[in-house]
Amino acid sequence: MSKILIRGAKVLGGEPQDVLIDGETIAAIGTGLSGGEGGPGADGDAPATVIDAEGRMVLLPGLVDLHTHLREPGREDSETVLTGTRAAAVGGYTAVHAMANTFPVADTAGVVEQVWRLGKESGYCDVQPVGAVTVGLEGKQLAELGAMADSAAQVRVFSDDGKCVDDAVIMRRALEYVKAFDGVVAQHAQEPRLTEGAQMNEGTVSGELGLTGWPAVAEESIIARDILLAAHVGSRVHICHLSTAGSVELVRWAKSKGWDVTAEVTPHHLLLTDELVRTYNPVYKVNPPLRTEADVLALREALADGTIDCVATDHAPHPHEDKDCEWAAAAMGMVGLETALSVVQHTMVDTGLLDWAGVADRMSARPAVIGRLAGHGRPLAAGEPANLVLLDPAYRGVVNPAGFASRSRNTPYEGRELPGRVFATFLRGQATVMDGKLT
Amino acid sequence: MKRHLISAADLSRDDALLVLDTAEEMARVADRPIKKLPTLRGRTVVNLFFEDSTRTRISFEAAAKRLSADVINFSAKGSSVSKGESLKDTALTLEAMGADAVVIRHGSSGAPHRLATSGWINGSVVNAGDGTHEHPTQALLDAFTMRRHLSGVGRDLEGRRITIVGDILHSRVARSNVLLLNTLGAHVTLVAPPTLLPIGVEQWPCEVSYDLDAVLARTDALMMLRVQSERMNAAFFPTEREYTRRYGLDGLRMAVLPEHAIVMHPGPMNRGMEITAEVADSPRCTVVEQVANGVSTRMAVLYLLLGGSEPAIATTSATAVPVATAPANGATTAARTEESK
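Protein chains in written order, with the UniProt record's numbering: chain A, 1 to 439; chain B, 1 to 341.
Since the hints were derived computationally from the structure, they do not count as laboratory data. For each residue, glycine too, the CB sits at the ideal point set by N, CA and C. Careful: at least some of the hints might be erroneous.
[What the hints assert, rightly or not] From the structure, some residues in chain B lie toward chain A, with a derived Cβ separation under 8 Å:
1) R175
2) P198
3) I199
4) G200
5) V201
6) Q203
[What the hints assert, rightly or not] Label pairs and their in silico Cβ distance ranges:
7) A:V169 to B:P205: 45 to 51 Å
8) B:P33 to A:R278: 43 to 49 Å
9) B:T195 to A:E321: 34 to 40 Å
10) B:A235 to A:G306: 39 to 45 Å
11) B:E230 to A:V169: 29 to 35 Å
12) A:V169 to B:I58: 40 to 46 Å
13) B:N122 to A:E321: 19 to 25 Å
Isolated chain B (complex conformation) (with noise of 0.2 Å):
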C-alpha cells in the first residue's frame, strides 16, 4: 500500500484485495456486542471537509472511532476557511496538532493531491471526494458489496459485469470505480446521455452505451448515480421527465435484470428521478448494505494506512513490527479481541 489513498489507481489488484479482506475482518467487529478494537489508540485522525457531506464524514468517523482513534472533525462552513484561509494554512494548522491521518473532502479535483505531494503534512492523506476527480474509498466498499454478492469473500470480481449509470461527467464515484473494477477484473460498462460523459471516455478502460435498456440483461451490478437537478439549467437534458424515462430504474427495467442482479447506489438517491421508490425499497437494492459496508472499508483503509501490514485481527499475540511509514509514537500493533484470548 502507498503512504496516502488519493485515487483508485493507486491501488493495485493485491492492495486493493487486501483492503477488502481487511474489511470482511473489519466487519465482524460490527457484529460483535462491543464494535471497538484498539488498534489505533492514540493516534488522530482529522475529517476536514470542505463540502459539506453528512454520509461520508460520519462514516468515517465510525470507523476511526472504532479502531480507538481520536477523531477531529474540521468542517469549513463556519471556520477559519470560510474566513478564506488557504488549503496550505489549514494543512500547517492540522499538522502543527498532530495529524496522522487527514481525510479530506474538497470541492476542487486535485486537492487531496495537492495535500499530499506539497510539503505541507506528514501524515497519511485520504481522498474522501475531490471536486469531480475520485473518490476511491466509495469505489472500495461498492467492490465489498459486490464481491459479496457475485463473487465471494477472497475473490476478485473477474468478469462480473457492472452498469454505471448517469452524470459519468461529474461523478468521482464513478472514476474511481472504473478505476478498481477493472483493477479487480470487472467488465464496467458507463451508460448515459452523450451529454454527460466525458471527452476522451472511449479511452478508459470500460465500455459506454447511450442505452439503457440494451445493456440491463447483461449486468451483474447496476449502479445508478444521482442526477442533480440543477444540470438540467445547464442543458444536459432537456427535462427530468425526459431523463426519467430514458436513464432512470423503475421496476419494469429491473425486471429485465438476471435474477442475480444487484441494483446499487452511492446516496442520496433522488427518488422518482434516477431510481424509483419501488426498485430502492426493493430487497436486491444494496443502498443501506453499502453504508454499512462503508464504515468497514474505511475502518480497513485507515487501519492499513495507519497500522501496517499486520492482520488487524490476530489470532496470535505476536508483536507486529512498525512499518516505516507509521509515525514512531505508539509502535504499531495487531489490533486483537478481546474474544480471541
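Chain A on its own, in the form it takes in the complex (with noise of 0.2 Å):
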C-alpha cells in the first residue's frame, strides 16, 4: 500500500500538523513532514497521495455508531449493508454497530455471522453486528448469547432494541449471563404499558394535538431498574437512546455510585423538539420521540460533562409510503449516519459545550470502549490504525436527501442549514470517502 500525507490537519482540533499515512497505520504526525518518514513505502520515500487540509480541517479518529439499524437482512427496500456502509463512511465513519431487528432477527451465530460478513464485502466501514438479548425480540426467552460471542462476528453488545427487555427476570439474568465474556446489555429503555400506542412525547403538545403520549417516566422508570439490577449483579448496562432530562439525572446518579453504566444520545434529540410534531409531518415521528427544549439542553450538557458517553445514530431508515401518510400509521425513525457529525458540531461544538478532542472521545473512543471493538476510536499517534475522518467545520450547506448515499431519505433536517462537512474518510488507511464523495 502506497503512502498518504495530509498536510497542516488540525488534530483533534489542536495546531495544524501533518499525518502521514502508511498503509493501514499512521506513520508520523509533526510539522514539515516530508513522506519519508517512518522508512519508503511501497511507491518509495514520496507518498503518493498528498492531501491539504489548509490549516483549517480537523481530524478526528474515524467515528464509532454504537447504534445503527442497517436493514439487512429482511428490509432491503430502506437499506442494505452495503448502502448503509456508504451512508456510514460519507458521514466519517469506520465502524458501526448493526442493530438486530432485522428480519430473521440476528439472534442465532447464523445471522450475526451473515451481517459480519456483508460488512466485511461492503469495505466502506466495519460492520460489528448487535446480538438480540431474547429470541425473537420477543422478551421471554434468552437467545444463544454465548454462540453469537464466540461465533466469528464476536458479539459484544447485545440489544432488542425497538423493544424493551421489560421482564425483570429475564433482564437480570441477561445482564449476569453476558458477564462470561465481558458482553454488555444495550437496553432500550421503553416501558411497555405506560407507552401503549403512543405517538409521540407526553406533555403539553401532546395534549392540544390529541396525539397518544409517551411519557418521559416510561423511559426513566425502566433506566432506575436497570442501573439498580446491574449494580446488584456486578455487570455492565449501556443506555440505548437516552432521551429526557430525568433520565440523565439518573445515570448521572449511577455514575456517582461508580457503578458501570454508560449511555447514549442521538443527535436529533440534542437537536429537535416536539413542537415540530405540531406539523404532524411524520419524518418527526421517531422512537423514544423528540422531547422538550428543556430536556434537550439537559441532553447536550450531559454529554458535555461525560454522564452520558457518547452521541449514537439511532440512524433508522424507512421506505418513503413509510412516512408519506398520516402520522400514526407512519413509521417510527429517522436516518442518521450522514448528518451526525454536523449536527453535534451545531449543537456541541459551535454552542462551545465540546471541544473537538471531546467530539472525538465521544463519538470515536467511547464508543469503542463500550463495544469492545478493537482497531477503532484509537489515540491519534504513530503506530495506530489509520481510521480517521477529516472534516472541514467551516463549511455551511443545506441538507438535500436527494444526495444521501443511504437507500432511504427519511431525515428530519431536509432544508436545514447545518455545518461542517466530511471531507475525507479513511478504512485502515484507505480512503472510503474523498472531497466529500464516495471512492
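Dock the two chains into a complex; use the hints.
Shown next, in the form of C-alpha cells:
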C-alpha cells in the first residue's frame, strides 16, 4: 500500500500538523513531514497522495456508531449493509454496530455472521453486529448469547432495540450472563404498558394535538430499574438513546456510585423538540420521541460533562411510503449517519460545550470502548490504525436528502442549514470518502 | 377565512362570527317549504369518512345538498381503504374526480392536516373529527346554539360561563370547544376525573375542576360529553356507577343550575351514564336543537369555504366576485332565494 500525506490538519482540533499514513497505520504526526518518515512506502519515499487540509480542516479518529439499523436481512427496500455502510463512510464513520431487529432477527450465530460477512464485503466501514437479547426480540427466552459471542462476529453488544427487555428477571439474567464474555446489554428503555399506542412525547403539545403520549417516566422507570439490577449483579448496562432530563439525572447518580452504566444520545435529541410535531409531518416521528427544549438542553449538558458517554445515531431508514401518510400510520425513525457530525458540531462545538477532542471522545473513543471494538477509537499517534475522518468545520450547507448515500431519505433536516462537512474518511489507511464523495 | 377548516384555532373572532351569522341566514332557509339554495350548484363535496359516524356524515350531506352541491359519500368500510389503500391514494383519487371540498372524518389525529398540507389535493379540507384532536364544526354548532340561548344573534359569548364535563382526554369536541369558546370570549371550565384530563391541560385557555357540584351554580351552559364504556377497562375510573355518581348529570344536579342555563350534549348520549333520561328529555336539554343547528352551521362553513365572502342570501342581484381560492369554474354568485325577488 502506498502512503498518504495530510498536510496542515488540526489534529483533534489543535494546531495544524502533518499526518503521514503508511499502509494501514499512522506512520508519523508532526510538522514539516516530507513523506519519507517511517521508511520507504511501496512507491518509495514520496507519498502517492497529498491532501492539503489548509490548516483549517480537523482530523479525528474515524467515528464509531453504537446504534445503526442496516435493515439487512429482511428490509432491503429501506437499507442494505452496502448502502448503510456507504452512508456511514460519508458521515465519517469507520465502524457501526448493526442492530438486531432484522428479519430474521439477529438472534443466532448464523444471522450475526451473515451481517458481519456482508460488512466485510462492503469495504466501506467495519460492521459489528449486535445480537438480540431474547429470541425473536420477544422478551421471553434468552437468545444464544454465548454462541453469538463465540462466532466469527464476536458479538459483545446485545440489544432487543426497538423493544424493551421489560421482564425484570430476563433482564437480570441477561446482565449476569454476558459477564462471561465481557458483553454488555444495551437497553431500549420503554415501559410497554405506559406507552401503549404512544405517538409522541407526552406533554403540552401531545395534549393539544390529541396524540397519545409517550411519557418520560416510561423511559426513566426502566433506566432506574436496570441501573439497580446492573449494580446488584455486578454487570455493566448501556442505555440506548437516552432522551429525557430525568434519565440524565439517573445516569449521573449511577455514575456517582461508581456503577458501570453507560449511555448514548442521538443527534436528533440534541437538536429537535416535540414542537415540530405540530406539523403532523411523520418525518419527526421517532422512538423515543422528540422531547422538550428543557430535555434537549439537559442532554447537551450531560454529553458535555460526560454523564452521557457517547453520541449514537439510531440511524433508522424507512421507505418513502412509510412516511408519506398520516402520523399514526407512519413508521418511527430517522436516518442519521450522514448528518450526525454536522448536528453535533452545531449543537455541541459551535455552542462551546465541547471541543473537537471531546467530539473524538464521544463519537469514537468511548463507543469503541463500550462496544469492546478493537482498532477503533484509538488515539491519533504513530503506530495506531489509520481509521480517520478529516472534516471541514467552516463549510455551510443545506441538507438535501436527494444526495444521500443511504437508500432512504427520511431525514428531519431536509432544507435545514447545518455546519461542517466530511472531506475524507480513511478505513485502515484506505480512503472510503475523498472530497466528500465515496471512492 | 382560511382555505381549510382543520382546527377551531383557524378561526379568528371575526371569522367565527361570520360563520355563525351566516349560519343564522342558512337556518332561515330551513324554515321555508323549499329548503334549498342554488349556491354551490356544480360543485362537488366529498364526505370521506374513515370512521363510522352516521350523524356527522348525514349532517354534512344535508348541508351540501341544501346548497345544491353534488355530494359523494366515501366510507372506509367496503371500500378500497379496507383493501389497504393509503390516505394518499384515496386523496389522489378524489382529486382526480374533481372534489371541490373534502369533508374528512378520520381516526388518526392530524389526518385532515396532512390532507390539507401534503399537496395531494387542491380542494378545501373540512375536518369532521380527527382522532382525539379536533371537531371544529361541532364547536361551531355548539357556539351557535349557546349564542341563541345566552347572548343573541350577532353577538359573541363574552363572559358566558361554559362547563364541559367528561372524557376531556379523548374528546375532540372538548378541544375544539375550548379554542372556539375562548376566541368568542366565553369562560370555559373543564370538569373530569384527573385520569380523563390530558397532561398540560393547565396551559389551555380554561379552568379545570375535578368537582362537578362546585361549578354547577356558576354555569350558563353545561355540556356533557359521551363516556365510552371501554374506558372503564383501561382503569380511567373504577366503575360506571362511580363515574355516574361523581360526574353524571341527573335531575338533582340540573336543579342547581341557574334558571337560564342550558344542558348540551354532542350525541350520541349514553342515557344513564353521563346523563339521565330525565335530563335528556327535559326542555333545558338542547340535543335535538344542536342537530338542527349542525346542518345550518355546516352549510355556512361549506358556503364560506367554497362560495366566498358574499352574503349567503343577497337582497340585491349584484354579481359576486369569485374569490382567489375558489376554483375557476362556476363564478361564485351570492345565494339568492326565489322569494327575494
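Cross-check of the supplied hints:
| no. | hint | in the structure |
| --- | --- | --- |
| 1 | R175 | holds, 6 Å |
| 2 | P198 | holds, 3 Å |
| 3 | I199 | holds, 5 Å |
| 4 | G200 | holds, 3 Å |
| 5 | V201 | holds, 6 Å |
| 6 | Q203 | holds, 5 Å |
| 7 | A:V169 to B:P205: 45 to 51 Å | holds, 48 Å |
| 8 | B:P33 to A:R278: 43 to 49 Å | holds, 48 Å |
| 9 | B:T195 to A:E321: 34 to 40 Å | holds, 37 Å |
| 10 | B:A235 to A:G306: 39 to 45 Å | holds, 41 Å |
| 11 | B:E230 to A:V169: 29 to 35 Å | holds, 32 Å |
| 12 | A:V169 to B:I58: 40 to 46 Å | violated, 55 Å |
| 13 | B:N122 to A:E321: 19 to 25 Å | holds, 22 Å |
Taken one by one, the earlier hints fail for this structure only at number 12.
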